[in-house]
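Colleague: What follows is the residue order along each chain.
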Amino acid sequence: MKKTYDLKIMDREVLSQEVFKILLEKPADMPEIIPGQFFGLKADDNGYPLLRRPISVSRVDANSFELTIKLVGQGTELIYNKKIGETINVLGPVGNGFYLEEAKKNSIIVGGGIGISPVKELARVLKNKFNDDFPVLLGFRDEPFDLEDFSLYSSKIEIATESGITGTKGYVTTLLEEHLKENEIDTVYVCGPHVMLKAVKLLCDRYNVTTQLLMEERMACGIGACLVCTCAIKEGTEIKNKRVCKDGPVFYGSEVVFDV
Amino acid sequence: MKKTYDLKIMDREVLSQEVFKILLEKPADMPEIIPGQFFGLKADDNGYPLLRRPISVSRVDANSFELTIKLVGQGTELIYNKKIGETINVLGPVGNGFYLEEAKKNSIIVGGGIGISPVKELARVLKNKFNDDFPVLLGFRDEPFDLEDFSLYSSKIEIATESGITGTKGYVTTLLEEHLKENEIDTVYVCGPHVMLKAVKLLCDRYNVTTQLLMEERMACGIGACLVCTCAIKEGTEIKNKRVCKDGPVFYGSEVVFDV
Amino acid sequence: MSNPIMKVDLNGLVLHNPITVASGTFGFGREYAEYVDLNDIGGIMVKGLTLKPRAGNPSPRVAETPMGMLNSVGLQNPGIEYFIEHEIPYLRQFNTAIIANINGTNIEEYCEIAEITSKADVDSLELNISCPNVKAGGLAFGTDPNMVYKVTKAVREASGNKHLIVKLSPNVKDIKEIALAAEEAGADCLSMINTLTGMVIDINSRTPILARGIGGMSGPAVKPVAVRMVYETAGVVKIPIIGMGGISNYKDVVEFMLAGAGAISIGTANFVDPRVTKRVLNDLTSYLKSNNIDNINDIVGKVIR
Amino acid sequence: MSNPIMKVDLNGLVLHNPITVASGTFGFGREYAEYVDLNDIGGIMVKGLTLKPRAGNPSPRVAETPMGMLNSVGLQNPGIEYFIEHEIPYLRQFNTAIIANINGTNIEEYCEIAEITSKADVDSLELNISCPNVKAGGLAFGTDPNMVYKVTKAVREASGNKHLIVKLSPNVKDIKEIALAAEEAGADCLSMINTLTGMVIDINSRTPILARGIGGMSGPAVKPVAVRMVYETAGVVKIPIIGMGGISNYKDVVEFMLAGAGAISIGTANFVDPRVTKRVLNDLTSYLKSNNIDNINDIVGKVIR
Ligand SMILES: Cc1cc2nc3c(=O)[nH]c(=O)nc-3n(C[C@H](O)[C@H](O)[C@H](O)COP(=O)(O)OP(=O)(O)OC[C@H]3O[C@@H](n4cnc5c(N)ncnc54)[C@H](O)[C@@H]3O)c2cc1C
Ligand SMILES: Cc1cc2nc3c(=O)[nH]c(=O)nc-3n(C[C@H](O)[C@H](O)[C@H](O)COP(=O)(O)OP(=O)(O)OC[C@H]3O[C@@H](n4cnc5c(N)ncnc54)[C@H](O)[C@@H]3O)c2cc1C
Ligand SMILES: Cc1cc2nc3c(=O)[nH]c(=O)nc-3n(C[C@H](O)[C@H](O)[C@H](O)COP(=O)(O)O)c2cc1C
Ligand SMILES: Cc1cc2nc3c(=O)[nH]c(=O)nc-3n(C[C@H](O)[C@H](O)[C@H](O)COP(=O)(O)O)c2cc1C
Ligand code: FES
Ligand code: FES
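Protein chains in written order, with our numbering: chain A, 1 to 260; chain B, 1001 to 1260; chain C, 2001 to 2305; chain D, 3001 to 3305.
Hints were generated in silico from the structure; no laboratory data involved. Treat the hints loosely; a few may be bogus.
Claimed, not checked - Below, a list of computed lysine-lysine pairs in the BS3-like style, where the Cα atoms sit at most 30 Å apart: (1) Lys156/A to Lys70/A; (2) Lys3052/D to Lys234/A; (3) Lys83/A to Lys1070/B; (4) Lys234/A to Lys156/A; (5) Lys1181/B to Lys83/A; (6) Lys3238/D to Lys2/A; (7) Lys1198/B to Lys1169/B; (8) Lys3150/D to Lys3/A; (9) Lys83/A to Lys1026/B; (10) Lys1198/B to Lys82/A; (11) Lys1240/B to Lys26/A; (12) Lys2278/C to Lys1026/B; (13) Lys3289/D to Lys3302/D; (14) Lys2238/C to Lys1234/B; (15) Lys1246/B to Lys2302/C; (16) Lys3173/D to Lys2153/C; (17) Lys2251/C to Lys82/A; (18) Lys1082/B to Lys1021/B; (19) Lys2/A to Lys105/A; (20) Lys2251/C to Lys1240/B; (21) Lys3150/D to Lys3176/D; (22) Lys1003/B to Lys1021/B; (23) Lys1105/B to Lys1234/B; (24) Lys21/A to Lys1008/B; (25) Lys2251/C to Lys2153/C; (26) Lys3150/D to Lys3173/D; (27) Lys2176/C to Lys3176/D; (28) Lys1003/B to Lys1082/B; (29) Lys1169/B to Lys83/A; (30) Lys21/A to Lys2251/C; (31) Lys1003/B to Lys2289/C; (32) Lys1234/B to Lys1181/B; (33) Lys104/A to Lys3/A; (34) Lys2251/C to Lys2278/C; (35) Lys3289/D to Lys3/A; (36) Lys1181/B to Lys1002/B; (37) Lys3119/D to Lys3173/D; (38) Lys21/A to Lys1070/B.
Please model the complete structure; the sequences and the hints are all you need to start from.
Modeller: Right under this line is the structure:
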């Protein structure tokens, strides 16, 4: 039987005013964690707030794993306030993660904002698998974060910032289009805000390149039972409401119906 | 303007499986704390549970004050889990406390269960005021607690336990009746469970001795505005619903209507 | 940016800011005056008043619930005469509207207290037809559209041209028909919601925690129900609405006002933080400033559907 | 002491323990089967079924509230035929009652699905006349006593002698008259409460969080309302009640059963703790033992007033 875990916070690092990381112990009986999978975190032990917060894995080590979290509201703030040594209750890993069985070397990783964190673990896994670094295109509004850690998993990181504070001024799609123009690309793996997912998908469609998108939706159960987290997905000629938590959170760009 | 305070927990002591004490820093701008007064404690910082927990003061020092708390439900458990150095939000001191303007030396202090804690502070204050120890009769179900500390404020402590584990087997009223029989008593100050308050009052009525009873009632505002914490009080021939938090929590036994 | 305009005009009742305190949670202001400057509050809905003094229900009168509470005070109050003589002069010292929450057990009683109160120095009458904690009257009037119409109409006539708020109960099938009945009968304004009826049983004693068994639920737990009702009502009535139910911070205020409330009322949150009204006023002002909203009225009903 | 008797008989529907899971919160059991042994659950109210497959409402379909949540799933389900073919055989592997939650948009549709489902291998039909998340049908049927009577009567006739539960909405003025209508029309059992309607507005986007605007509130926040309704209903009907609304631990179960529920259902709490059903069963058993109660049925309705 699967279960939830009370995990000790082994380390905690503040990356910026908005973003922090926690390192959790990984229990021996926890199933393997795939990049793109996520956990449902209980923000506080006293039962409030009620629902779990879905947070993706940003790095997996031998006996621990890392979560990178953006401060949004009360739940993430309560997690932020937890101290090293305290525990946090998690459900997971849940979801499918990225589809990597047929991963090809000529692929690109794209992340935006807090969405850089799930693709960091993806970069790590792909680097291990192919013994090579994948191009990583990261978009930020302003000051980038976590680049030091990220650079361990790829030496081919390119940055775009909306403010122009560093890297190319503008969006990751500009960086991506360069690659699409110049090289034969197999797959683009993406995580980021909704508008970015859509822009990347539309761009890749034009170049006939496959995309895998990590979709976000508000959740309750996190395991596929309650049907609150749906995403409109094309299946043949039909449009179906699939569950982001269970059927996703990663979907092929070709399936996702953006404007419902 | 009055306000609530975030107070640092300076010390914390576990007295038994059910009872613990916390020592809170006393801010300079906090009004004087009278024995029998209480505080409204926020059990947790995240806003849940919603209402404050009323807890009496059990000792006041120069720069700190002590609360003695029995584990009852989630609120007291959350307070129990707080660590030294953490803060707790309190409203108070509120309520009237015991009426001590005309306190006489030939008075007796009676406490039962967790109700020994407010009368500990009373014993301390009376000892200071009269430079003498007052008789203190304490009733417990089983194992007594906090006696070491209590004995600093009176050398005349007598114990009754229901289990007979120590002291006289039975109720404090047995101890009290001895005193009432043998001496001229001015006032009996009492805090304890409802049945004890009533028994003491009825006993003292027979000996024509004044009682001051610290009453408990479920509360919301704690400052007299919401009228949820009433106690039936005789005023002349009328029976009025008075507010335990504001008009009490100490009432004269002669006013209290026990069976409404 | 200069300070945003906070003044609201609720169909004749002008408040210098939209933050009022809910009836029964703030007494007659005396206790909270030690914690907040009553001049900072737009209006005070005083404890529910009746013709004669009332002792209320037996204790316990409160039970905590998940992010809420039940109360069964049962309109304990010193009676309308005492209020007029002792509490109005006290409250008049402050720059805050006095809103008299009036109650009765039948239409005649409602009219009688309305008539007396409308002649007193209060800024508005809040007709409470939704108290769940009294045997006669109260809720019975507030859950049936015909009764709401009747009692409102009668009280409207009994209260001259005094500003009249009708306070609605959430324990209804369709809040819209209740609200419309009150509007048609001449209400100048609506306030909503009163408490949802609920019960908590202590499993050890096997008795309900409240001596009276059932009580009225308030606090954050009920907020989504209140916002929904304000939203639905704002869609059908033309008179302004004072929104309440679980408000405890400026975000809640904005939420209610977006849903259609022209002003709001804070109740249970006072118990948690006696200075909540002032905090909310400050935060709300900052919010408006940082969002370049120069008049609070500009957000009323501005939810986007 | 030996293990207490946990079996309950709800007027013909026998559950090996009183803990069921609420419709729409447990799918068809497949997902939670990875976390709990379904044999430990007394009965499973499956996701609300309709004649044809339904896609449900657009996302977002959930909004968190203080100790509660709103949902607006809108009866997404694969349709009754798929259920019969694929889900019943799956669920029949386990020793748990299958309770089919059936929905329609008009009486004919309700009858049609009732007829089909009553012939299938399910233990009971749960007639849902209280879904707030669909345009037609649902809540409209559940808030008016006459309609409740009509639809229950029709479905009663359409479903042979299958055990029939009617699921009641809390969005009503008087739950007693609704419950009585269902009882008179032939319901074998009642389940209550469905969700309270509510709304949450995101103040940044100024839009409701739910794409559909309004949704149904569940979770601990609604528990006092549910307990009150179970208590009131148990006082007037003779048929058993399955109580639900915010149950998340054994104390809540005892509270509902004392109020008059013959069995209970756990919904939202599954989302918080996927093993809550098992935990509650264990704790409930310990509670009964340590209180020397040898039959769970001995506490039903035993609140002391
Ligand atoms: C599959 C998935 C993976 C995610 N991975 C990460 C991650 O690695 N790092 C990270 O910082 N964030 C991630 N998020 C977003 C994160 O879940 C929300 O930011 C977080 O739940 C906000 O909680 P809060 O209490 O701080 O905010 P509040 O706004 O106070 O939350 C209120 C409610 O809304 C929900 N909610 C609010 N925003 C979102 C959102 N964007 N997505 C889903 N639910 C939301 C909350 O869970 C809560 O129930 C992920 C979301 C999903 C669906
Ligand atoms: C004037 C006064 C002084 C008190 N002084 C002390 C003290 O010094 N030490 C101590 O241990 N206890 C004291 N109590 C009792 C204490 O307030 C309760 O035990 C405590 O509130 C229980 O909270 P809980 O969350 O643990 O229990 P729960 O039962 O989970 O609480 C649920 C709700 O009921 C209320 N409640 C439960 N029991 C009581 C009670 N006996 N009195 C009032 N409210 C209650 C809680 O405040 C809460 O709102 C005092 C009570 C009053 C009225
Ligand atoms: C202790 C208490 C007493 C109340 N008394 C009254 C009353 O006398 N008249 C009235 O109209 N409403 C009364 N109410 C209802 C409140 O005015 C308000 O409608 C309700 O509490 C919802 O707001 P809140 O969630 O902010 O508390 C009372 C509420 C509480 C908690
Ligand atoms: C996500 C979700 C979906 C639901 N779907 C249904 C449904 O299809 N049919 C139904 O009768 N009730 C449905 N309900 C209501 C529950 O069955 C239950 O009545 C309600 O949630 C109260 O219980 P709880 O507080 O334990 O969740 C749903 C509730 C939730 C939270
Ligand atoms: S969150 Fe329940 S199905 Fe996805
Ligand atoms: S708790 Fe509000 S008056 Fe006493």
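Colleague: What hint numbers does the structure not satisfy?
Modeller: Going through the list in order, the structure violates hints 4, 5, 6, 8, 10, 11, 14, 15, 19, 20, 25, 29, 33, 36, 37, 38 and respects the others.
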